[in-house]
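Novice: Take a look at the letters that make up each chain.
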Amino acid sequence: MTMQTSFPQSILYGADYNPEQWPSSTWEEDIRLMKLAGVNMVSINIFSWSLLEPQSGEYSFDTLDRIMDLLGNNDIMADLATSTASPPPWMSRVFPEITCVTSDGKRMNHGSRCHFCPNSKDYRHKSAALVRNLARRYHAHRALAMWHVNNEYGPYCYCDNCAIAFRHWLRKRYQTLGTLNYAWSTSVWSQTYYNWEDIIPPRITPQQSNPSQELDYQHFMSDSILECFLNEKQVIREFTPNIPITTNFMVAYKPLDYFNWAPHVDIISVDIYPPHTAQAWETAITFDLMRSLKRGQPFIVMEQTPSQVNWMQQNPHKRPGNLRLQCHQAVAHGADGVLYFQFRQAKGGPEKFHSAIVSHEGTEHNRIFKQAAQIGAEMKKISSVVVGSKIKAEVAIILDWQNWWAVEYLPGPSDQLKYWEQIGVWYRALHGQNRIVDFVRPEDDLSPYRLVFAPVLYQIRPGVAENLERFVSTGGRLVTTFFSGIVDEHDQVILGGYPGPLRNLLGIWVEEFDPWTPEMSNIVRVGKELSGKDEGEDYPCHLWGELVHLEGATSYGVFKHDYYVNHAAITKNKFGKGEAWYVATKPNDKLVNEIVGHVAAGTGKDVIVDLPVGVEKTIRVNANGKDIIFLFNRTGEVAKVSLRRSSYKSLLTGETVKHELDVTPGDVAIILQS
Amino acid sequence: MTMQTSFPQSILYGADYNPEQWPSSTWEEDIRLMKLAGVNMVSINIFSWSLLEPQSGEYSFDTLDRIMDLLGNNDIMADLATSTASPPPWMSRVFPEITCVTSDGKRMNHGSRCHFCPNSKDYRHKSAALVRNLARRYHAHRALAMWHVNNEYGPYCYCDNCAIAFRHWLRKRYQTLGTLNYAWSTSVWSQTYYNWEDIIPPRITPQQSNPSQELDYQHFMSDSILECFLNEKQVIREFTPNIPITTNFMVAYKPLDYFNWAPHVDIISVDIYPPHTAQAWETAITFDLMRSLKRGQPFIVMEQTPSQVNWMQQNPHKRPGNLRLQCHQAVAHGADGVLYFQFRQAKGGPEKFHSAIVSHEGTEHNRIFKQAAQIGAEMKKISSVVVGSKIKAEVAIILDWQNWWAVEYLPGPSDQLKYWEQIGVWYRALHGQNRIVDFVRPEDDLSPYRLVFAPVLYQIRPGVAENLERFVSTGGRLVTTFFSGIVDEHDQVILGGYPGPLRNLLGIWVEEFDPWTPEMSNIVRVGKELSGKDEGEDYPCHLWGELVHLEGATSYGVFKHDYYVNHAAITKNKFGKGEAWYVATKPNDKLVNEIVGHVAAGTGKDVIVDLPVGVEKTIRVNANGKDIIFLFNRTGEVAKVSLRRSSYKSLLTGETVKHELDVTPGDVAIILQS
Amino acid sequence: MTMQTSFPQSILYGADYNPEQWPSSTWEEDIRLMKLAGVNMVSINIFSWSLLEPQSGEYSFDTLDRIMDLLGNNDIMADLATSTASPPPWMSRVFPEITCVTSDGKRMNHGSRCHFCPNSKDYRHKSAALVRNLARRYHAHRALAMWHVNNEYGPYCYCDNCAIAFRHWLRKRYQTLGTLNYAWSTSVWSQTYYNWEDIIPPRITPQQSNPSQELDYQHFMSDSILECFLNEKQVIREFTPNIPITTNFMVAYKPLDYFNWAPHVDIISVDIYPPHTAQAWETAITFDLMRSLKRGQPFIVMEQTPSQVNWMQQNPHKRPGNLRLQCHQAVAHGADGVLYFQFRQAKGGPEKFHSAIVSHEGTEHNRIFKQAAQIGAEMKKISSVVVGSKIKAEVAIILDWQNWWAVEYLPGPSDQLKYWEQIGVWYRALHGQNRIVDFVRPEDDLSPYRLVFAPVLYQIRPGVAENLERFVSTGGRLVTTFFSGIVDEHDQVILGGYPGPLRNLLGIWVEEFDPWTPEMSNIVRVGKELSGKDEGEDYPCHLWGELVHLEGATSYGVFKHDYYVNHAAITKNKFGKGEAWYVATKPNDKLVNEIVGHVAAGTGKDVIVDLPVGVEKTIRVNANGKDIIFLFNRTGEVAKVSLRRSSYKSLLTGETVKHELDVTPGDVAIILQS
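Chains as they are written, first to last, in the numbering used here: chain S, 1 to 674; chain X, 1 to 674; chain E, 1 to 674.
Same shape as in the complex, but just chain S:
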């Protein structure tokens, strides 16, 4: 079965579009405004199940037909959703078990959305039937450009149907109860299972639940929800083998292992809603992750807000200019499309105060529409150059959902330890130094990279230590941190001294890890190598300390206080042709920057000689090997950029750029190597 791989052919620009919420008299005006704004694709039919199937088995496609025709006739591509994220109200009555249940036994109700149980046979059956009808009807429609399965797949369920499915999943994983009992350490607290039917989801208990069971349940739930996706995808493929299928991800969403999902999704799309205070790296990390899910393949920003949202505690507008930079930043990090939620602001319902390209005021004569139209025009300008170009990273960060689930399940050493936050600590420094970062899984081939960061790699599955050793021994540089190398795939400790299977690679033994209360901290005393100062320098550190013994590694910094005074806090071990670093605490940002700068020295492609601090730079390379350089000036002053090569063309202004380029504050420059 083949799939169209040259999609998209131009930068997608558009929004969720819900004409069914409006009288058809509005539709022509919508089209006029879409064209004004430069829209070439809209996502439709996201929440229309109750419209399409007014009673069980009886379908009605009149409205959708008209919407599809409207788009087709106006050359606007449809990202056609399957509408299965919100079952109609009648369904909770006819099939009561389709609704999901919390871990403390509360059954959810209709009246909102996402209230389905992923393991409900009724839900699976009814959603497949709906999709079959949709695919049969629209597979050849000229507007159909992409399929959008469900929407923001999400919450977990703990109902009896899930219990049954969980047992099947476990049988497949463990074959026998003996294996399961061993994997789950059920000899602790008298939990040995002798009957499969005694196994239940991790529902509420008076004290801590079993962490291995919790870990498996998260894995199982991610898989169960993926099965919902596959259930629909299979039907769609029968009818349209060449139309790409997506489902919109939600940034680094802990409940779903997107690395596991990605191979099944034709094109990655993401909904991104940063707070209005977000810094540049906080959006960049999302884009880099999305690009990485399918190893560099362009992704789409499926949803972002033109200005304010409605679901934060307070919802200020995005300040003028922010949205434009965010859109270009997405492209700069590998997106080939930026869409919004939504085209026309809702008149009623829970999302009526979520901003949209067309606001309640209804015309093109307001700030938000004008801004969207400007961005639309710019996307059109850069489209032909950008589409088809790729990004090449020399640095990777290991991100692992199973590790995430395991490391954050209490009872653990510290509730202050958040995996995604620790990933961010290192990403922020890399981004600040303009290193493009790929995200990889621990088992992935690391040979394309010169540097790999693996913060808090708590769980080491079989083969991972060997993979890291292979990377380092052949010349790679690895940086890992405290609380790494602790457990195996079942969350069982690897005995014999931390960091377990990484001990040899890192050349250290961690006798104790010591999670600190918020009142506790320490100082890392760093020597000349890292600080660049003859007298060394002191840096505060927080969150965590360790009692580290050197077993071949060299200390690059020591703790200054407490009972591990003068013990190593930062170590480097030469291993084969490479080096393996260990950071036994959470240093302050400054020290993280020093470490990153030191480790990354000598890598990177210095296209630009002199880049002021605070200017973000990325490079996409087109099919001819020419650089497309993106430069974002978020400082308050004109950024003077010196270029090594002498000839570029500015895609937005059309001007020719020689050795020097001025980027005004708040602006972006996109220049193509001639």
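You may find that some hints are simply not true.
Any copy, or any two copies together, can satisfy a pair, since identical chains are not distinguished.
Claimed, not checked - DSSO-like mimics (lysine-lysine), calculated; alpha carbons at most 27 Å apart, straight line:
no.: 1; residue 1: K418; residue 2: K347
no.: 2; residue 1: K347; residue 2: K254
no.: 3; residue 1: K649; residue 2: K106
no.: 4; residue 1: K380; residue 2: K658
no.: 5; residue 1: K172; residue 2: K347
no.: 6; residue 1: K560; residue 2: K370
no.: 7; residue 1: K121; residue 2: K392
no.: 8; residue 1: K172; residue 2: K418
no.: 9; residue 1: K590; residue 2: K533
no.: 10; residue 1: K640; residue 2: K626
no.: 11; residue 1: K649; residue 2: K380
These are computed hints drawn from the structure, not numbers from a lab.
Starting from the known structure of chain S, arrange chains X and E on it as the hints suggest.
Specialist: Relative to chain S, chains X and E alone:
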């Protein structure tokens, strides 16, 4: 059917009285202490259902007979409660569906109070039967002076009986599902209803529920609980057409639309429990609201605490003197009765540490009793002059429960926006300037007023904009604020540009509203007109900003920062003979005072020429048109008050007052115009 | 039935030991390490029910046989647990009603531990059957030294089985519903019961529940859980009349009245997990309480952690040296055994990051093992001298669980009032002055003591006032505080003026008690007697004020502000040969110290003349009447201790000590009088 309208004929003074909790040996002592304290009315039988009906259908009135006789024989009026607020324990067993259920499905239990479902047919039937027995038995009893239906009607229920009743209520409101689907915007998130039985209360859902459904449910619940009241009232009226019926309200209690209730209640009564730190305006606002509910008719303070309560996190005593001022303030704002909870402090149960006129110590020889006796004596002194007098307000504040429900339902723009708090912002300033305030509904006739404030009038129902335009065009001055004119009666946005139907009246277009996080703020730069200073003045503002365009209005202050710098923050629009003001943010108290002072200039009846700051003044006018002036000195110094007229009599001291009057700190003066 | 009373014969040293979690290849290594560490006892079989009874009625003892033999063959005593704290997973399926239910109706699940309902007949039956099998099998095993029933008995249940059992308990207590209705003040809020079956546990209600019902439910639950203990004990005694039986307590654990439990337990054992920031008095108070439960009989520390735990929000290690001091402090306060949780750190499950004697690293070559081995060696050194010695206290603090339950049940006067915290206020001062403290119940014989403290003795049961009067009149000194003498055994107020039955003894009348908000405070102005200064001194006080009138007592300090200015805050009343003190607020620590110092003057046995501040001292007296003095130096400097007697022997160093002794910082000295 007629009702006695001259009630009460003297100021009511008394308390809740629960002799059934005490041996009858205590009762005679109670009467002695009541007389010492000046008590002339007590509320009885509040929680006696389990005493009156020991098993289903079997009644026992012996104790109540003796209590009624005791009161009658001692010329103490009975405010006879119907006892339906706490069904007996056996009732949850015999009629399991009478107990109420939370929105997340938890069924409540007996063992406390208020655990009934308002839509339980069993509850309605059993409570009506009890009331019938009470009314039949006591309708001609000499002690009976007032009926007290139920007690502090309150919590909502989400059970299956409520679901059925909700559907009936909706059918009546919308006739067809098509109308309901439109009103509820059910095309959003696939919520279209095709069967009435699919509609349920807004029970827990995984994401935001439907705001129109929530709005209707609050309206429905307020109505359902009102039906419980009417269910009892109807039975009572059969037996006693001329005895007034009340039920005790709970200040501005969001769940119940007291404006809707008020026409059905003969006399408004209220339970008021301000924190010990409450300022004068915080109690005054309650009294003004209660007086307004029946358009100036005197109300009763049914419950207040003599000193400490038992249900706050910590329960300090009221400081000496505070209670006396609060009692007189109630009268000053229109009360014709002040009662307490309760007469004799309970020996056991949840309220045993709630203070009472007679404390655990049991005698008249303690601070709390003496204080109550002093107030009792003072009420007697002023009674004949005060009863029958009325209050006339020139200022009104629009208060609207449906608006309250709608504006505070998340997902909204800001969880910091509290309607009652915004009402308070403007009330506080008016109170500080000694303006007596009526509360009105948006549809009410506004012609009696010269000034109307309508803070955060988010919801504009049909006819409201016209009502406001009529008021202003005929010379009224209107002040409204940010987030007004946004939605209709179904919480659907009125399209075409904010503030929708108020745009013409206010002469502005609000392009964007921008709710701020607590970290955000701005400055309003105000000119000479409002600040009184040639160079203008800067005032901080919080919570909310807007991007305002003038469409005929004049700016009286602009934002000093952010992307709406120099755009208007305060505007005035001349409209017909009047003027309509708009305040696009929450100014600090000082600026609110300036605005109120400016807008109110030239209104008000200046009986008193020179009134020191911090002295509260109200005026009741008796049947002969003579002023009764109340003066409260809450400052730390003697307040020297200059009077325009030359001859008054002090009701508490008996002295004649000429042009000048000294009020000592912490004291109240009540003077009658001769 | 007799019981071995000379147990233990040497200081017990060991840990929880869970070999069933490990391959038997590990066991011999465990024995080797136990011997290295000085372990002589281990607690086994704590959570093995699912191992022992794989399906209902089918038992398997092979593994346990091997464990018992292993211990027996190596002369390590077994504290054999009954394994009933965590029923096997199959049991929730076969006997669904064994699982417990929260007060808001949530049924707990297996998958953790402690999920059984204490009133489940199935649970009682199945646990007794298991214990019978265990006792029959191992009663004569050479390893068996002690029985460990269940583990950390704990949570309450509110299920229907508990409702039935509650009614039985109430019938026994009250005989008739009339008595119950009176005791529970059910005339309040219409709660009169006419049928026993209408009585339910205090499950969720819309408003406050009945405090007398809550009080009885706590008493009932403590009794119900005690019945579970007795249910197992009875079976054990049949087989082993002379083997001591324990169950591990959890410090001052509010849900269970350990004073009520203690007579049924042969030897008190306790699990103690102080935070790493705990001060010396915070552990000492636990040890003193445990020693007091059986009136001075030695107790065992059953569980403590060698270093970090896993269940706090963050889990830092114990700093080096702290554990050693804590172990010796336990012995210094009366322990004859210190054990840990656990011997070998778990590989998986919820407790894998709880430290253990043998860490994940697995050898004896790390800090934690070495520390445990050192302590083990020291325990061996002092064992023969210490075992058999006793502690004699001259000071007692009254601690009463029923009072605790009553005083902390809201709706009360203040949620800031915590009983155990108030006990701590006075204990801390006594500990700081090196007074050994017994804890007693209010009804206990107080004649052994010279000083008795009774903080917040809110509830006065029949006979208690007389007991206190007897103590004072015969020369005792009593200190009690605010909020004492308020209610009887049913939480009903004792009328006629606070402090009710203590009014005569204390010589005061408390007109009002005034709980303060956190923003409120006052000053106690104290005269020369307490402050030692001619001009007196001011001390801040918090939490609570009272309006106190002297009725024979003398004021030793007055409030400086508020409406009780110059009213007494501290009073002393001479009563017979003794004196009764009253403290009407919570003074700061300094004033508490002054009061304690003043009241205790002239008591105490001054073995040591000059003891530096910050050095803790206790004395155990051996069978020959010789003192064993424990001296703990927690200051940063060498403590120079002068001794009154001239000849001691240091048990840890073996040196002879004459008049002077230096204790180094962080060290403990244990010296035996020659």
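Novice: Hint by hint, note whether the structure agrees.
Specialist: The hints, checked one at a time:
1. When the C-alpha separation of K418 and K347 is checked against a cutoff of 27 Å, the pair qualifies only between copies, where the shortest distance is 23 Å, while the shortest distance within a copy is 39 Å.
2. Proximity of K347 and K254 under a CA criterion of 27 Å is satisfied inter-copy only: 26 Å between copies versus 32 Å inside one chain copy.
3. In this homomeric assembly, K649 and K106 never come within 27 Å of each other (Cα to Cα): the closest approach is 60 Å inside a single copy and 67 Å across copies.
4. Taking identical chains as interchangeable, the C-alpha atoms of K380 and K658 lie at most 27 Å apart only when both belong to the same chain, with a minimum of 24 Å there against 84 Å between chains.
5. In the homo-oligomer, the alpha carbons of K172 and K347 lie at most 27 Å apart only across protomers (24 Å), although the nearest pairing inside one protomer, at 49 Å, exceeds that limit.
6. Taking identical chains as interchangeable, the C-alpha atoms of K560 and K370 lie at most 27 Å apart only when they sit on different chains, with a minimum of 24 Å there against 56 Å within one chain.
7. In this assembly of identical chains, the alpha carbons of K121 and K392 never lie at most 27 Å apart, being 44 Å within a copy and 68 Å across copies at closest.
8. Taking the shortest Cα distances, K172 and K418 never come within 27 Å of each other, neither inside one copy (31 Å) nor across copies (53 Å).
9. In this homomeric assembly, K590 and K533 come within 27 Å of each other (Cα to Cα) only inside a single copy, at 14 Å, whereas the closest approach across copies is 50 Å.
10. In this homomeric assembly, K640 and K626 come within 27 Å of each other (Cα to Cα) only inside a single copy, at 22 Å, whereas the closest approach across copies is 81 Å.
11. Taking identical chains as interchangeable, the C-alpha atoms of K649 and K380 lie at most 27 Å apart only when both belong to the same chain, with a minimum of 16 Å there against 84 Å between chains.
Figure legend: structure checked against the earlier numbered hints; hints not met, in rising order: 3, 7, 8.
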